[in-house]
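Okay, here's what each chain looks like letter by letter:
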Amino acid sequence: MTVLHVSAYLVAGWLLLAGAFGIARSRNLVHAVVCLSVAQSGTYVLLIAVGYQSGASPPVFDGSTPPDVAARSPVVDPVVQAMTLTDVVVSATVTALLLALAVQVAKRHGTLDPDELTSLRG
Amino acid sequence: MAVSVLAPLAVGVPIVGACLLLVVGRWAPRPLVDWTAVATAAAVVVLDVLLLLGSAAAPAGHVATWLGGWGPGGPLGIALVADPVSAGAAVLAAALTVAALVYTWRYLDSAEAHFHALLLLFLAGMTGFVLSGDLFDMFVFFELMGAVAYALTGFRVEEPSSVQGALAFGVVNSFGAYVTLTGIGVLYAQTGQLGLAPLAVALQEHPPGAVVVGGFVLVLTGFCVKAAIVPFHFWLDDAHAVAPTPVCVLFSGIMVELGLYGVFRVTTTVFGPVLPEADLHRAFLVLGTLTALLGALLCFLQRHLKRLLAYSTIAHVGLFVAAFGTLDPAGTAGGALYVAGHAAVKSALFLVAGSILDRYGSVDEIDLHGAGRRARLLPWLMLLAGFALAGLPPFGAGLGKAVAEEAVAEAGAPWAPVLFVLVSAVTGAAVLRAACRIYFGLGSRPDKDTAREDTTGSGEEAEVGGLLQRIPATMLAPIVVLLAGGLVLGVLPGVPAAFAVAAGHFLDRAGYLAAAFGTVAAPPAPPAASGWTASGVALGLVSAVLAALLALAALYRDRLLHPPGPGRRVGVAAVGRLRGLHSGHIGDYLTWLLVGVALLAVLIGVPVLLR
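These protein sequence lines are chains A and B, in that order.
Position 81 (the first sequence) corresponds to 80 in numbering that gives the first Met the number 0; numbering is contiguous.
Position 346 (the second sequence) corresponds to 345 in numbering that gives the first Met the number 0; numbering is contiguous.
Note that these hints are calculated values from the structure, not bench results.
Be aware that one or more of the hints could be misleading.
Stated by the list, open to error - Partner residues aside, some chain A positions facing chain B, computed with beta carbon under 8 angstroms:
(1) V33
(2) L35
(3) V37
(4) T42
(5) V49
(6) S53
(7) V89
(8) V93
(9) L100
(10) A101
Claimed, not checked - Each pair of labels, with its calculated beta carbon distance range:
(11) B:A209 / A:S56: 31 to 41 angstroms
(12) A:V87 / B:L296: 38 to 48 angstroms
(13) B:G411 / A:S56: 50 to 60 angstroms
As the list claims (entries may be wrong) - Where chain A lies over chain B, by a calculated footprint (3+ residues, C-beta under 8 angstroms):
(14) 136 to 145
(15) 156 to 165
(16) 266 to 272
(17) 316 to 328
Cβ atoms here follow ideal geometry from the backbone N, Cα and C, with glycine treated the same way.
Just chain A, same shape as in the assembly:
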């Protein structure tokens, strides 16, 4: 494992925890939803770092080159990149939906402060 990998993993863990901390301490629901996106960014960094190899080329194959020939030179792992793209789509959907709900909370409750939302208890 290279220094680059280790630092990427540390950044990924840091983002996940920073997002969690942000949600836990949030005073504003829009802020909380964005913190959720920050936490999710940690998963992007992790996935990309998992597939990265130093000195490898991008996983783009010329249509005429058979993959087994191209495979002799190292390429970075395309699977995690596909996963990251899927993850980004998921994130966009969930964030949009949650922000829409936050807008409704602001309209119906007149506040976005979770400390003032006390209608669901016990």
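Since chain A is already given, all that's left is putting chain B on it; use the hints.
Positioned in the frame of chain A, the structure of chain B alone reads:
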């Protein structure tokens, strides 16, 4: 038609149906929308039943389908794998969707086609989740299921509590899902595999290090959140209390249980021989017991009917965790039976609660004291369902409880029957108490002022235009059919044997791997089936009687002797503290989620690594 095309069809058909509804829903009259949605869900039931029969008939009990022209031999490709338990869960999901859609017919007058479309998408997400043979696909379907669930929870956007509950549900569940994805990334970094079967093979090759165990704990987190295992459970009571009733049916009946499916699919199939079974067993027993006791206690304290039922779901999830946590065929069979029986009863109860809301404009047990004296059929159905929830023979829930408690006791927890009887009796008693108050006006009229922690059910908006004068047949029929289904499950003679075989296949790791790799494996030895035993019937009756007594004691509380002063004060303070934790605050819930990850690490990670 080959069996292997059924799995992709079962996922695809509801998605196509949902798209169709979204396109034509704007112009189509409401009956057409209703019929299309019900027909689509019914078609999925048929597909799932065929898949169930196909997988049960397959020699090794599994049917694998490779998508996109990839085959089992190659290094790439994604499989859908059905075994009797996953196909059975899919059948349950589709059947409950049909019930929910039929109930929606008159309920939710204002619902436009996109409500139906969301329900169908939710069905697609659930079906894909159980049939997926790939960890990343499980995450994607988990998030599809999740995103649709948030939208359904907050469907009535004009209701302040609806949007609040949906937002908390969304943030907590999505964060759990991202923790799971982190775990998937960690496991992929270790093994280079995402398919459940290749991952299982790769993990087998080296002893579990800290990274693999850490990955396991992270992957489990998201599923535990969905399954509402304590302390991941906080979102559930808020979401159930505010979601439209047909949605609650799907949440309590199957979505929460699918979280358990994820937990135990990963634990048994992927990590089966890698992690020591004794440690896992103990961890699940601890988590299950905690969940069951907390859920039962809080269930009994509620006055908001839907919240009461939500906590009862948490309590039962605890019992399911204890049953599946035995990791042996008997416990798994009992757990699966209990899940199926519980789904029938709990769904029926949620529909009763929805009918109460639409008839009387409230779901608050105390406000509605005696409000339903003139109702004819529903009171008896609610009482019956309360007793069934408590485990009264011969209901399916009672049969599942009987099989499960015996299996857990045999797996090294001789006190398990006490836990099962107590928890099911308390949750049943809460329902009986509410039924007696609302429909029979029993009990002394409780004072109207509420404890500080209480959420009352009187602010809920009815989900129809005006209050109903009588409950229409489309709302009654699903209740009756669901209860009848729960009864059939308990009395049909072949049921325990069928569930035992299914549980054997679920735990048959070699069979799963063989199906996924396209090789042949010997079918597992058919496990011994246990159905109703004398002790099971007796304990079921004890629970039912105990539930009735507890309900009466709660109704006539003020005529009973009060316990001595100081003890009572301490008890009230402790319970108040416990209820205060369920604050509806997103930050609190997320903190508890992190505590839960730490708890999982301590319960599973530390013993495994110290070995």
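Tested hints:
no.	hint	result
1	V33	violated (11 angstroms)
2	L35	holds (6 angstroms)
3	V37	violated (10 angstroms)
4	T42	holds (5 angstroms)
5	V49	holds (4 angstroms)
6	S53	violated (15 angstroms)
7	V89	holds (5 angstroms)
8	V93	holds (5 angstroms)
9	L100	holds (4 angstroms)
10	A101	holds (6 angstroms)
11	B:A209 / A:S56: 31 to 41 angstroms	holds (33 angstroms)
12	A:V87 / B:L296: 38 to 48 angstroms	holds (42 angstroms)
13	B:G411 / A:S56: 50 to 60 angstroms	holds (55 angstroms)
14	136 to 145	holds (count 3)
15	156 to 165	holds (count 9)
16	266 to 272	violated (count 0)
17	316 to 328	violated (count 0)
This entry does not satisfy hints 1, 3, 6, 16, 17, going by the numbered hints stated previously.
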